[in-house]
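A.B. asks: Read off the chains here:
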Amino acid sequence: MSFTTLDQGAEVTAAPPGARRRSAFPLLAPSVSVLLLWMIVPLAMTLWFSFQRYNLLNPEVSGFAGLENYEFLVTDPDFWASLTNTLILVGSVLVITVGFGTLLAVLFDQPFPGQGVARVLAISPFFVMPTVSALVWKNLMMHPIYGVLGSLARAVGMEPVDWFAEYPLLAVIVIVAWQWLPFALLILLTAVQSLDHEQKEAARMDGAGPVAQFVFITLPHLGRAISVVVMIETIFLLTVFAEIFVTTSGGPGNATTNLAFLIYARALLQFDVGGGSAGGVVAILLANVVAFFLVRSIARRLEV
Amino acid sequence: MRPRHRLAAVLAAFVAACWPGSQALAQATVTIATVNNGDMVVMQRLSSRFEQQNPDVKLRWVVLEENVLRQRLTTDISTKAGQFDILTIGNYEVPIWAKQGWLAPFDNLPASYDVNDILAPVRTGISHQDKLYALPFYAESAMTYYRTDLLQKAGITMPAEPTYAQIRDIAAKITDKSSQTYGLCLRGKPGWGENMAFVTPLATAFGGQWFDAQWKPQLDTPAWRNAVTWYSTGLREYGPPGATSNGFNENLALFAGGRCGIWIDASVAAGLLYDTKQSQVADKVGFAPMPTGEFTGGPTWLWSWNLAIPATSKQQEAARKFVLWATSKDYIRLVAQENGWVAVPPGTRQSTYDSPDYQKVAPFASFVQKAIMSANPSAQTRNPRPYTGAQFVAIPEFQGLGTQVGQTIASTLTGTPVEQALRTAQSATERTMRQAGYPK
Amino acid sequence: MRSSRRQMLLATVLGWGAALLLFFPIFWMVLTSFKSEIAAIATPPQFLFAPTLESYAEVQERADYLHFALNSVLISVGGTLLALAFAIPAAYAMAFHPTARTRSTLLWMLSTKMLPPVGVLVPIYLLFRSLGILDTRSGLVVIYALMNLPIVVWMLFTFFKEVPGEILEAGRMDGARTGSEFWHLLLPLSVPGIASTALLSLILCWNEAFWSLNLTTSEAAPLTTFIASFSSPQGLFFAKLSAASTIAVAPILVFGWLSQRQLVRGLTFGAVK
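Chains as they are written, first to last, in the working numbering: chain A, 1 to 304; chain B, 1 to 440; chain C, 1 to 273.
So the derived list for chain C, only partly shown, Cβ under 10 Å to chain A, looks like this:
| hint | residue |
| --- | --- |
| 1 | 16 |
| 2 | 45 |
| 3 | 126 |
| 4 | 151 |
| 5 | 214 |
| 6 | 261 |
These aren't lab readings, by the way, just hints derived from the structure by calculation.
From the three backbone atoms N, C-alpha and C, an ideal C-beta is built for every residue, glycine too.
Between the sequences and the hints, there should be enough to build the whole structure, so can you do that?
C.D. replies: Here is the structure:
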């Protein structure tokens, strides 16, 4: 599916006369033009504001700013930290969700009593709104005094971990991964279930153990599904915001400030629309760079 | 019906359901934006009385968490979108927004409102060029709360006017981490209205200030170094785990649950800590003034939550009626009737403090009043300063600035050396001030 | 066979262990919502306690749950329908009448999703103000539809691609026009795909917390705003927070449980050949 076929399709249909293309255009036009507007209008406004001195709280400051907002942004030490944090966050959540997602998918492919109910429970976190899951993790799970994890630690005679102070970024990663693991599980499970069982059976006859079966049969089969998980999750993970807003507000220091949060801090805490817009433009650039590499690598993978 | 039409019909039904209904009501609908603090929740509950008395006014409530509320309101008022008729804002915002012409003034108040009954420092805080631009709902200064039983057990007494050094010594003696009793609870959650509300007066007491007379940031001075060192070592050695996520509410929960020995915070907490329904330590709370340092007489802490009306509101009359009602003496009496005197919104009116009923149930009353009267938001710091504000700096940039510096200060609780944190804070502040065009 | 029974046992233990572990925070939230505020902060945490509905009562007293829930339903469904209305024709066109630019169009659509919404809040807010659609359900419906359009288009595209070309080809031989080919052949075949796309879009709409918080005040405010009024109030709040969270999450959670088979079947994004 996807990009290979897309490519082939593109090659094939580039040649034939425009009769069909004309009939398809009216169908494609509405959503493309709507998206175009959605993209272009705010983008144009953001670009415009990024070259302006525009602070909502201080209407006296105004006028053309040139590159001032951009200069202010890239000379901000928090900016580079936020880029690193964004990449670490996206990378770790991807590794965790794909890793555990694959294991769980294989697990839930086995028949066992109550499998249906267990599966329903396991995918539940995906339905919980990010604000709620962040609040629950912060107050009921990871709170060093009242939290369940703290009590567990005390029960075995350990000092409770103060998650949001000692391992803030890890804590955020855990929360986000908890939310996205079910998504990875769902897609990977569908993929595992579509696996040809005869092939597995044959491998087992040949004396391949469960590990060997997994490595040589299941895993290669999952390549495409993993690419899809990576792609979709990346889109959402680049803009993680609610979880950070609720738990750490980007801190301590700048330990959990990602790019989305930095833009929030500039645009809505300092109400510096100019600076926030410059951040927005950078985020768009980053998104396109990531999209470019992502798509490249996925397209390559799918051609194999 | 052919499928296409069916789909179209469903869509049309939805569009119809989503379109706002006709607003042709005789009533004036007033949208009130407020914080989800306890006193405001009571106001929301009691507002049905107001609606009964004023059948021509319909109230719509938008209750939000403080940070979300502030962001919503600022976006709305600065773009003049006019979504709200009554705003709940602090004495930080009122003068700044009034100066921009965003708020409607409260002049010609009826004699029955008795505006001179409002405590003078509170009144000054919400005036711009001698005109009131909001009316106060409740006001607070800060004070020291401590657990009388813990101090007694350790054989110490709280000095009548403690210093920060003494507070630390006492905290050291009553900390018992094995029983989850933490000697010192302070705000650690980053934010200009959270940890910086404590750290700013702390720095003042150590002889520091945000800016010198030429608007040059002063965060890397010895005064700040000493203040922040006191703060971060104190909290790290005697504070509860998770201090970086503790704001006012979290500390209140900790103290009310018996986990804190000493807590220095807003004076509104007194009413809550003495309330047996909300506090497990109601009979063991002692109080003392906010501690002092080497520099005394400087600004300490004055905060008020006020109701204001945006200049763009189309319901000026009805909104004004409600604001007068909710900040009146009658309202305070109403709360006293319903929930008892200990639960009335404090800090705004002399008449509250004159009430014998209030004095009887609130042993801290005169104390809080004194703290408010001596909060001095416009006093000088050790060196002259070009701005006003007690626990904040009354400039529009402070909201962002205070939060950014607050983050950096919070990081000293998790191991960043104080020196380094203050250098970071200093350079961030310099950058922001330069960007904002200071000195002006 | 011994080994297979042992394997089954292992799968049972691991499968249920993982499921319970993942579900525990939700379970704990629901449990806490039935505690009193004092019991909610007891250490060590209590599993046995006298359940009470007082938190629910207080939550309802302070905010009319049904108003928020109804808004959530209307906005999510509206946003999903609008997105489908735009996406189905587009995905159809891309899948069956691809051009040289189809691929880049699709990718470009996806990349629009990577822009953090905070970056464009002020422009959108100003736009909404000028159009007079702040705090209206239709405003949010439009935003949600646009927000989910890229994902929806892509999902549908992959489903349409799976429809065997021969069927359409056969239809075309019979002289079916593009329109009727679409309605009578393709749509029935891709109902499962459209259904699971709609499910995913519904979930994403329901849980969206940025636009809903910033573009609504009261009239059109959905459940995410409802949560924001309980997230960190004065005093003890764990039980009330849990109660508010539970009723905000419950509808979509139950809906998700009921429709999960459909979701599992459909949620492939073309990942399975």
